[in-house]
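Please model the entire structure based on the sequences and the hints provided.
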Amino acid sequence: MTESQARLETKIKTTSLNFYYGAVQALFDVSIDVPAGQVTALIGPSGCGKSTYLRTLNRMNDIIDGTRVEGQVLIDGKNIYSHDTDVVLLRKRIGMVFQKSTPFPKSIFDNIAFGPRIHGVRKRAELNDIVERSLKRSALWDEVKDRMNENAMGLSGGQQQRLCIARALAVDPEILLMDEPASALDPRSTAKVEDLIAELRGSYTIVIVTHNMQQASRVSDYTAFFFEGRIIEFDTTQVIFTHPEEKQTEDYITGRFG
Amino acid sequence: MKASRTAFRKVWDKAFVSIVLLLSILSIVPLFLIFFHIFKEGFSSITPGFFVNLPKPVGEPGGGIANALVGSGLLVLVACILALPVGIAVGVFLAEARTNLFSTSVRLSMEVLQGMPSIVIGIIAYLWVVKPMGTFSALSGSVALAIMMLPVIVRTTEETLRLVPRSLKEVSLALGAPYYLTVLRVVLPAGISGIVTGILISVARIAGETAPLLFTAFGNPFMNTNLLKPVNSLPLIIFNYAISPYDDWHALAWGASFVLIVLVLALNLLSKVISHRFRVEF
Ligand SMILES: Nc1ncnc2c1ncn2[C@@H]1O[C@H](COP(=O)(O)OP(=O)(O)OP(=O)(O)O)[C@@H](O)[C@H]1O
Ligand SMILES: [Mg+2]
Numbered sequence: 001m002t003e004s005q006a007r008l009e010t011k012i013k014t015t016s017l018n019f020y021y022g023a024v025q026a027l028f029d030v031s032i033d034v035p036a037g038q039v040t041a042l043i044g045p046s047g048c049g050k051s052t053y054l055r056t057l058n059r060m061n062d063i064i065d066g067t068r069v070e071g072q073v074l075i076d077g078k079n080i081y082s083h084d085t086d087v088v089l090l091r092k093r094i095g096m097v098f099q100k101s102t103p104f105p106k107s108i109f110d111n112i113a114f115g116p117r118i119h120g121v122r123k124r125a126e127l128n129d130i131v132e133r134s135l136k137r138s139a140l141w142d143e144v145k146d147r148m149n150e151n152a153m154g155l156s157g158g159q160q161q162r163l164c165i166a167r168a169l170a171v172d173p174e175i176l177l178m179d180e181p182a183s184a185l186d187p188r189s190t191a192k193v194e195d196l197i198a199e200l201r202g203s204y205t206i207v208i209v210t211h212n213m214q215q216a217s218r219v220s221d222y223t224a225f226f227f228e229g230r231i232i233e234f235d236t237t238q239v240i241f242t243h244p245e246e247k248q249t250e251d252y253i254t255g256r257f258g
Numbered sequence: 001m002k003a004s005r006t007a008f009r010k011v012w013d014k015a016f017v018s019i020v021l022l023l024s025i026l027s028i029v030p031l032f033l034i035f036f037h038i039f040k041e042g043f044s045s046i047t048p049g050f051f052v053n054l055p056k057p058v059g060e061p062g063g064g065i066a067n068a069l070v071g072s073g074l075l076v077l078v079a080c081i082l083a084l085p086v087g088i089a090v091g092v093f094l095a096e097a098r099t100n101l102f103s104t105s106v107r108l109s110m111e112v113l114q115g116m117p118s119i120v121i122g123i124i125a126y127l128w129v130v131k132p133m134g135t136f137s138a139l140s141g142s143v144a145l146a147i148m149m150l151p152v153i154v155r156t157t158e159e160t161l162r163l164v165p166r167s168l169k170e171v172s173l174a175l176g177a178p179y180y181l182t183v184l185r186v187v188l189p190a191g192i193s194g195i196v197t198g199i200l201i202s203v204a205r206i207a208g209e210t211a212p213l214l215f216t217a218f219g220n221p222f223m224n225t226n227l228l229k230p231v232n233s234l235p236l237i238i239f240n241y242a243i244s245p246y247d248d249w250h251a252l253a254w255g256a257s258f259v260l261i262v263l264v265l266a267l268n269l270l271s272k273v274i275s276h277r278f279r280v281e282f
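So the sequence lines, in the order shown, correspond to chains F and V. In this text, residue positions in the first sequence follow the working numbering: the first is 1, and each later residue adds one. In this text, residue positions in the second sequence follow the working numbering: the first is 1, and each later residue adds one.
Since the hints were derived computationally from the structure, they do not count as laboratory data. Just so it is clear, the structure is predicted and the values come from calculations on it, not from any experiment. Backbone N, C-alpha and C define an ideal beta-carbon position, used for all residues, glycine too. Fair warning: there could be bad hints in the mix.
What the hints assert, rightly or not - Restraint-style ranges between C-beta atoms, simulated for each label pair:
hint, chain 1, residue 1, chain 2, residue 2, range
1, F, V121, V, L101, 39 to 45 Å
2, F, E126, V, F35, 56 to 62 Å
3, F, G66, V, I25, 50 to 56 Å
4, V, M116, F, L90, 45 to 51 Å
Right, dumping it as structure tokens:
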């Protein structure tokens, strides 16, 4: 751990996290402190548990049969796996963007307004406001402002993904979890999503899974290297990409394995 | 030797294809014969008066099936009101529930119910509704029809909802939507076309059922819209007129069959159109 990291406030702290799909253990003793307002990238070979880890952070794995968590995930110092956690409120605080863009088969407006409506916003003016703000934040407003009532399935892949980001932002989360948000996109759309992440940095604590080393080095402040369900190394992106401590990390980053 | 084997194979190949084709053609022959016959016999009965008049005594011309049309409509409508909420709820449950003893038993029960002879369902409705009420009634007929609709609605609802991708549900949950709102606002709307299709198919299925109505709705020569009194229905009027010894009543039975077939066909076509135009696509 470097000094700069120690000075930052921790938003998400995982301590000795073990995770099981039935009898199969997918995460082993994962302990990291995700700093507030920074972008943290999760990298590692396929199947090493990045998505699994990400999904423990908003308890998305709860809906999978037979899964089990040991250890703690503290968000703002509070264990989200304690019995008095309201999962619905927890998930409202944590936005999630998936690898495959998944607009609802509804209008663009209704997609963005879905979350606020669920959380009790009824007034049209207020909804209009939230929708416009969210779309502007995700740099999609200019492209869709004249077609708010069109079905969101008609947008391009890149637009759909930014729509999904806007939809997540519309409920005003503190944390944004992104699982390979650009892996299905062409380079131009990828660049837009990356710009967007840079924009959102500071306002949100962002955890992003990516297979793209350049992307990790471009967008993130911190990088965690996962291997076979364990954290091998966690440090500032600069350290990880220039002089990692572990040989495995270096091998992976330079493409020698994985 | 080799050449003859090849020749034999080719002949056999041709013969096989011809047999399959022939049997396929044969299989649609009965349908066309039925249409032809019903059209021929029934079409002459179809006059405007046929739809608005009540049945008339033997020998008096101009009898109609107005009471049967209204009765069938009433029976189906009330059956839908009874079966839809339950059927959709059970369908949602089966699509969403984890596999355990309970969900497996429910699914199995629906399959058994689907295969239950309709006459048995009629008897059950008689025991449950007619006996306690002390009278045949439209309501008891609707109960019998609702029981018949139920498994179809459950199955189509479950099958459609299983097509709704899990990712869509996850997005909703990740936005902080509680589970019930996720089902109501995301899962059900995404599968609505399939559910509507299932409803239409099940209505088409029960619209022509006679057996469950024999000792429930019973039949009624007069117009009735009171749920607690017996009503007539298309299949019942067909049954009663067809077994009568009078030629002009036979003609009415053909006419009513014609109407029933057209209605059922229309429902089936409509369900095809809906499931095609609005299918679940992701
Ligand atoms: N629903 C599940 N049930 C059982 N095992 C699972 C499930 N999801 C993932 N796994 C297993 O858990 C391990 C970690 O998977 P995970 O999806 O977290 O990897 P990942 O790092 O995200 O991989 P990728 O880069 O390919 O997305 C893998 O061995 C995977 O097979
Ligand atoms: Mg993954």
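### Query
What hint numbers does the structure not satisfy?
As far as the earlier hints go, not one is violated by this structure.
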